[in-house]
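So the sequence lines, in the order shown, correspond to chains A and B. Under the working numbering, the first residue of the first sequence is numbered 1, with each subsequent residue one higher. Under the working numbering, the first residue of the second sequence is numbered 1001, with each subsequent residue one higher.
Don't read these hints as lab results, they were simulated from the structure. Values in this document were obtained by computation on a predicted structure and should not be read as measured data. You may find that some hints are simply not true.
What the hints assert, rightly or not - Distance windows between CB atoms, simulated:
| # | chain 1 | residue 1 | chain 2 | residue 2 | range |
| --- | --- | --- | --- | --- | --- |
| 1 | A | Asn-177 | B | Phe-1038 | 48 to 54 Å |
| 2 | A | Thr-203 | B | Tyr-1123 | 53 to 59 Å |
| 3 | B | Arg-1218 | A | Ala-218 | 57 to 63 Å |
| 4 | B | Asn-1300 | A | Glu-305 | 38 to 44 Å |
| 5 | A | Gly-164 | B | Gly-1252 | 51 to 57 Å |
| 6 | A | Asp-82 | B | Ala-1326 | 53 to 59 Å |
| 7 | A | Asp-82 | B | Leu-1308 | 37 to 43 Å |
The beta-carbon is built from N, C-alpha and C at its ideal position, and this holds for glycine as well.
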Amino acid sequence: MLSSTKRITGVAAVALSLALAVSGCGKGSGDSNDSSSSGSKAQTITFIPKNLGNPYFDSSDAAGKKAVGEFGGTYSQVGPQDASPDAQAQYIDTEAQKHTNAIVVSANDPKALCDSLNQAKDAGTKVVTFDSDTDPSCRDIFVSPSNTEGIGKTQVDMIADQIGDAGEVAILSASANATNQNAWIDVMKKELANHPKIKLVETVYGDDDDQKSFDKTAALLQKHPNLKGIISPTTVGIAAAARYLSTSSSKGKVMLTGLGTPNLMRKYVKDGTVKEFALWNPEDLGYLAAYAAHALVSGDIKGDEGDKFKAGKLGDFTVGADKVVVLGDPFKFNASNIDKFNY
Amino acid sequence: MSRTYPFHAQPLWRRLLVSREAAVIALLVLVLVWAINFVSFFATQLTMTFLFLDIAPILLIALPMTLIIVTGEIDLSVASVVGLSSVTLGTLVDHGTSVPVAAIAALVVGLACGALNGFLVAYVGLPSLAVTIGTLALFRGIAVGVLGTKAVTDFPNRWSDLARQTVGGTGIPLIVVVFAVLAVVFTWLLHFSSFGRGVYDIGLNIEAAHFTGVPVARSKFVLFLFSGVVSALAGIYFTLRFTSSRGDNATGLELQVIAAVLLGGVSIFGGRGKVIGVIAGVLLIGVLSSALRLQGVTVNVINIIIGLLLVASVMSTSVLAWVSDAAARRHNRDRAASSDPQLTPAGVGNQKR
């Protein structure tokens, strides 16, 4: 019994090492494949969203596909099922192996993907991040939905417009140490200085938890009976606040605005709880990212600060500091346009 | 009176050819040949490096998992141990501990996880399926609880580079060498040591094993310790490879490991399986998904193909068993009809399948 086990293992080991040797032998033939692909003219551009089947990325990538079609490239989209960095890294690796001209990635982790992205860059693939960035050293360009100033200012503009530029307002944020939200709130506070009749009475934190945000909204309204408006710069917060307001007596009296997604907010816009809120338009974001990739692959830009390129119907863009391209001010959603969006 | 064991009645070469391990290895070679010849960019050094880097955690954890499943037990908590060791490493490094010290601490945490599983299964006598479903949630809960939604990503480059280091100019990652050493150790342990014979005995018939002096409880306990430590090692590798310590690292990895182990010919009921088959099983899944990704096949379709492969392979065992059962019965009937009426008791001939 023992000897037969030994022999089975032995034979199997030989077979396995043969198989590995065969795979190793094939190494040399890879070069011929490489040259054949770079000979073709169409630029290959692959979108790698955080995960597949996510309506937000379905919108952005569909627009990216349209843009790639406009400049005659070959579009494809691959991605993991779950939004985890290790699963996403495998797809980046695969594109590096295929020597794709450019990949457009929404990163699941700022640093975990760096090794894969750098390896792709070494293999000659241009790396564009959009929506969620990585470490600036790991990509050629980041296409940012908006900048901190734009996001903060747009929200103050909206609330000022809705409450007649006077009265008490409060902020319902995510967690107390959320980097993005705190940066926006700082901008809002500076911007509110230009609106002397608006008074920011309190900033509360719902921790991006639906129930907690709901409860905090209720508490805000009790504590500040004269409250005229709430700004919630987080998609979870604004939806929870809208849900509370829509069933309370303050509906239509206390204005609510902030950053939300059309799908979560649609019914509150239709029932009159919310007049207008903002978020970037993922379609424009995907479209711009595709053109940024195109400009990089064509050699029109290198991704350095000050580089300029044209992005189809969106017009001209300039690369800013840290190799960032900003799409623009957030897009405002209201009853007149919300039905055009699905994410 | 002479007894016949159909499985051993045939010459060695024929037994080898029809073994599950040979079938998996043949399939692996087949897929490799296909991928090398028909999948563009597969036969490159870069692909091989990535392939090994990707499957290394599965390869590592599959080793102790093989032994555990051969005893008829299972460890579903391995991926959570990967997550917990990743968080241990990250949290300590974040607080200024050096990477080697933090890595040792992570291994100790893995050992403790394994000890808890092993104690509950081996000494308290609880079913491992239930225990490790519980600890799967427990360890993952602690891991996510410690770090929350944040990730530790600041590791010294020296160490993260080491995780991705390849040996010389071969493109074979260093972690594969670590794995090869462990594979030799586990192969020796399972196939060439008395401990390993005990492991098979436990899987075949736990009471018989007990009465023939196999230290059943101690063996199981030790196996869960192995599982904990090796999973922690995989967690350290995983963390350094992706330079990211997160509570949700490697979620769902346990199912990939178990799928590969079963594909490699280990019986989920215990008592049967070989390390070499399992290694081939992991490589088969790795090569297949890498090649399909290069072909542009989407993740859902890849999952469907691997799922079907697994179902087919588990079914093939049953079908083979049924065919050989039928053959043995006919054989016995013929013998009974021709000569000695009171021959081999039913079933004896198939016991060692």
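Here is what the structure says about each hint:
no.	hint	in the structure
1	A:Asn-177 x B:Phe-1038: 48 to 54 Å	52 Å, holds
2	A:Thr-203 x B:Tyr-1123: 53 to 59 Å	54 Å, holds
3	B:Arg-1218 x A:Ala-218: 57 to 63 Å	59 Å, holds
4	B:Asn-1300 x A:Glu-305: 38 to 44 Å	41 Å, holds
5	A:Gly-164 x B:Gly-1252: 51 to 57 Å	53 Å, holds
6	A:Asp-82 x B:Ala-1326: 53 to 59 Å	44 Å, violated
7	A:Asp-82 x B:Leu-1308: 37 to 43 Å	21 Å, violated
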